[in-house]
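Chains as they are written, first to last, in our numbering: chain A, 1 to 457; chain B, 1 to 457.
Rather than coming from a laboratory, the hints here were simulated on the basis of the structure. Hints are supplied without guarantee of correctness; some may be wrong.
Stated by the list, open to error - Within a straight-line C-alpha distance of at most 27 Å, the following computed DSSO-like cross-link-like pairs (lysine-lysine) qualify:
#1 A/Lys201 / B/Lys201
#2 A/Lys423 / A/Lys277
#3 B/Lys277 / B/Lys423
#4 B/Lys216 / B/Lys189
#5 A/Lys201 / A/Lys216
#6 A/Lys277 / B/Lys277
2 protein chains.
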Amino acid sequence: MENQQYQDNTEPFSGDFSDWIQTLTLLDGDAQAQCFAEMLDEAEPGFIALALESLPREQRLDRWQQIDGLARVAVLTMMRSDPRQSILNLLDDDEVDLLFAMLSPEELIDWSDTLPEALVDRALQQMGNRQRERYEIYDQFNESQVGRYADHRMLVLSDSANVAQAQRFFRRIALDCGDNVFITDIDDKYIGTVSRQMIFKADGDVALVSLIDEDKPVLAADTGLFDAAEYLQHSNETEMPILAEDGQLLGRLSLRVATEIIREHLESQLMAGAGLKEDNDLFAPVLKSAQRRAVWLGINLLTAFLASATISLFEPVLAQVVALAVLMPVVASMGGIAGSQSLTLMIRGMAMGQVSRGNLWPLMRNEIGISIVNGVVWSIVIACVAAWWFADPSLGFIIGCAIMINLLAAAASGVLIPMILDKFNQDAALSGSVILTTVTDVIGFFSFLGLATWIYL
Amino acid sequence: MENQQYQDNTEPFSGDFSDWIQTLTLLDGDAQAQCFAEMLDEAEPGFIALALESLPREQRLDRWQQIDGLARVAVLTMMRSDPRQSILNLLDDDEVDLLFAMLSPEELIDWSDTLPEALVDRALQQMGNRQRERYEIYDQFNESQVGRYADHRMLVLSDSANVAQAQRFFRRIALDCGDNVFITDIDDKYIGTVSRQMIFKADGDVALVSLIDEDKPVLAADTGLFDAAEYLQHSNETEMPILAEDGQLLGRLSLRVATEIIREHLESQLMAGAGLKEDNDLFAPVLKSAQRRAVWLGINLLTAFLASATISLFEPVLAQVVALAVLMPVVASMGGIAGSQSLTLMIRGMAMGQVSRGNLWPLMRNEIGISIVNGVVWSIVIACVAAWWFADPSLGFIIGCAIMINLLAAAASGVLIPMILDKFNQDAALSGSVILTTVTDVIGFFSFLGLATWIYL
Numbered sequence: 001m002e003n004q005q006y007q008d009n010t011e012p013f014s015g016d017f018s019d020w021i022q023t024l025t026l027l028d029g030d031a032q033a034q035c036f037a038e039m040l041d042e043a044e045p046g047f048i049a050l051a052l053e054s055l056p057r058e059q060r061l062d063r064w065q066q067i068d069g070l071a072r073v074a075v076l077t078m079m080r081s082d083p084r085q086s087i088l089n090l091l092d093d094d095e096v097d098l099l100f101a102m103l104s105p106e107e108l109i110d111w112s113d114t115l116p117e118a119l120v121d122r123a124l125q126q127m128g129n130r131q132r133e134r135y136e137i138y139d140q141f142n143e144s145q146v147g148r149y150a151d152h153r154m155l156v157l158s159d160s161a162n163v164a165q166a167q168r169f170f171r172r173i174a175l176d177c178g179d180n181v182f183i184t185d186i187d188d189k190y191i192g193t194v195s196r197q198m199i200f201k202a203d204g205d206v207a208l209v210s211l212i213d214e215d216k217p218v219l220a221a222d223t224g225l226f227d228a229a230e231y232l233q234h235s236n237e238t239e240m241p242i243l244a245e246d247g248q249l250l251g252r253l254s255l256r257v258a259t260e261i262i263r264e265h266l267e268s269q270l271m272a273g274a275g276l277k278e279d280n281d282l283f284a285p286v287l288k289s290a291q292r293r294a295v296w297l298g299i300n301l302l303t304a305f306l307a308s309a310t311i312s313l314f315e316p317v318l319a320q321v322v323a324l325a326v327l328m329p330v331v332a333s334m335g336g337i338a339g340s341q342s343l344t345l346m347i348r349g350m351a352m353g354q355v356s357r358g359n360l361w362p363l364m365r366n367e368i369g370i371s372i373v374n375g376v377v378w379s380i381v382i383a384c385v386a387a388w389w390f391a392d393p394s395l396g397f398i399i400g401c402a403i404m405i406n407l408l409a410a411a412a413s414g415v416l417i418p419m420i421l422d423k424f425n426q427d428a429a430l431s432g433s434v435i436l437t438t439v440t441d442v443i444g445f446f447s448f449l450g451l452a453t454w455i456y457l
Numbered sequence: 001m002e003n004q005q006y007q008d009n010t011e012p013f014s015g016d017f018s019d020w021i022q023t024l025t026l027l028d029g030d031a032q033a034q035c036f037a038e039m040l041d042e043a044e045p046g047f048i049a050l051a052l053e054s055l056p057r058e059q060r061l062d063r064w065q066q067i068d069g070l071a072r073v074a075v076l077t078m079m080r081s082d083p084r085q086s087i088l089n090l091l092d093d094d095e096v097d098l099l100f101a102m103l104s105p106e107e108l109i110d111w112s113d114t115l116p117e118a119l120v121d122r123a124l125q126q127m128g129n130r131q132r133e134r135y136e137i138y139d140q141f142n143e144s145q146v147g148r149y150a151d152h153r154m155l156v157l158s159d160s161a162n163v164a165q166a167q168r169f170f171r172r173i174a175l176d177c178g179d180n181v182f183i184t185d186i187d188d189k190y191i192g193t194v195s196r197q198m199i200f201k202a203d204g205d206v207a208l209v210s211l212i213d214e215d216k217p218v219l220a221a222d223t224g225l226f227d228a229a230e231y232l233q234h235s236n237e238t239e240m241p242i243l244a245e246d247g248q249l250l251g252r253l254s255l256r257v258a259t260e261i262i263r264e265h266l267e268s269q270l271m272a273g274a275g276l277k278e279d280n281d282l283f284a285p286v287l288k289s290a291q292r293r294a295v296w297l298g299i300n301l302l303t304a305f306l307a308s309a310t311i312s313l314f315e316p317v318l319a320q321v322v323a324l325a326v327l328m329p330v331v332a333s334m335g336g337i338a339g340s341q342s343l344t345l346m347i348r349g350m351a352m353g354q355v356s357r358g359n360l361w362p363l364m365r366n367e368i369g370i371s372i373v374n375g376v377v378w379s380i381v382i383a384c385v386a387a388w389w390f391a392d393p394s395l396g397f398i399i400g401c402a403i404m405i406n407l408l409a410a411a412a413s414g415v416l417i418p419m420i421l422d423k424f425n426q427d428a429a430l431s432g433s434v435i436l437t438t439v440t441d442v443i444g445f446f447s448f449l450g451l452a453t454w455i456y457l
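Excised from the complex, chain A in its bound form (with noise of 0.2 Å):
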């Protein structure tokens, strides 16, 4: 019967969100509405937000329209700051104060790293003194610092307390706020972590200092925010406190906002690989994201270029061997695909911290070790089929040393370029793979139409 009782209320999940949203944009006008009404009833803040990104932006802001007050804040909060702005934008000034005044600092530190200066200024006019004050402390670190993200929701207890204190205060409060419950002096410097659960087998007259994990790991405020989410991911930890320089307690990492974090960073990587941002709104206005885009592929036409004036070099080559200019892409080809995989491995090793200039030689023998066996291998396949193909042996000869040529560059530039980029701390994901396809592309044709050049001129 108990069993009847669950079967009734909720369905197991069983996937079917992306099934939901799918549904959701094939609809529109009320029917769509309605599909979103039921979404408000039964989904968390998260999905919402998931759900209005998906959505042309008029649609999106007649969707937005249907939420009420209180679940505003949570919803935008949720959503990729471009998205978020799109709907912040169409507001009137009442909407956005009324916003304004239900959010908390953590919330508008989110937002601040895209709102204007002037909207972050108004809404820290509606908040309290002490709201302000918090947003400030959290405002010394900048965007790449964890001390910026510091979640102030957990248990903080004095070190006078002891256990039957700490009992009476978690039946008080309402909800899960972490697992641990962080002790501070006075001066709300950081003294030391004890476990819930340590707190609930003690007995009440037990002194919390006196149940500290001396063991448990703390973090620096400066710490870099994807290391910081690393640590707390690799540890047996659900949360981290995080200290500032003189050891006063900020807050905490918690796990959710660590995969946050390490989620980000991973999609931030893999549209980096396109000239993206991770932020990126699927219905940007046309103008805005062609502008955006417009430089990636002006970057890309300038090294494009660099290419085409290598070939340009060889023109009396190309003139009477138009065999050659049949066959160039497969050399371009071949390297660039080759050099991509050791920059992919090396961005993911760089992106884990496992790749290093202590393990740059080991490396760099392997992925010359490999470049030669597929050079081998590949350069008689294509050497073969070119001189079949036009019926010159030369031209077999001259395309297969290329590739084998072009192969051995891909590799050491796939390993040297992103610890190149790394030292002058530019983002290997974002121009490591442009930088890559000059070199391959260039060294490819010179290779390439070179050697045609001294055998057939």
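Since the structure of chain A is already known, use the hints to place chain B on it.
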């Protein structure tokens, strides 16, 4: 004074873990052994696993020998499957049996995805009957279903229990096993979830079933792994029960495991762009890596020959106007870059469940719009450069038109290719970019050289 004590014992983590791995990889012999011994003292198994993966294979095995028996299983479980296998391969039968004797069914499931079947059988023989049964329950589900990775370590109580019994139960257990207690009936069927916080606050004689929160979400065991992890991460829960079709409680999905699933999924998308796998070992044996990558190079070679074949259709005009050969890379690369921007946006949107049939046309309109704007801008720029470089206005006209056509084709393919691949259950992150580049190369060369033939010949 208390604070002083903290200062002495625990230095706050400040992102120096990757520095630590770097130090390790820079050392060798005894110095490396000593550095690693310090890591073993201080770091969690997850870090030890990362550090081992960063070492070349000979050093990796030397350091592995330093890990003591009990920690070995935990470290191996945290490693990617390829490096894990690299260690297993080098152990003799007795050592392997020693490891297997400590393996839990959950860990064996993790390992079994890559472990040779004979070894899985050997591990199963070392397990007791109850453990073997648990393994078989998980093993009903395949590698993409959440039921396979259900975590047995959770708090379960019977539907006849009261709060006092639950509280006594909590006092006995040593570890934190999640924030909830799952209630089952006599047949192990799931009845509902009660939060620990509720139990903590309630009176001892209250029946647990009366505290059940009907709104707590549950997962069906055959839910897709990534869908389930996304669902958990976007909810407010820290764990969810996983149920078999008949309502039996199989285990739970915790936020930590969900984070790992999301990370592996995104990493695999990142690696797929270069035809690589997420569990790739940085220091895999050269021949093995070469063989794996050769396949990807071969596929890419076929598509490069397709581009060559397109060019060979236009040999007459190439023989006459050698500038065409010089400018070919510009046409191909602009199309490839613009297309990969649309493609990357689609792949990310599809991974998040935000892109589907429902918003295909609005998305297509957006991407085409962007490509018209950028097409106009860049074809004019490129036309001017080409006309000036070769002092030939018709060449400028030809390449301008070809760029415009190719950018339109790139946007359309960038949107359509991943949708079509998804329809046939193919991973767009893996094969999308190869297909896309083929399309943009062929269309680019065809329009550029075709127009040239029409105008010059």
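field: Enumerated hints in conflict with the structure, sorted upward
entry: none
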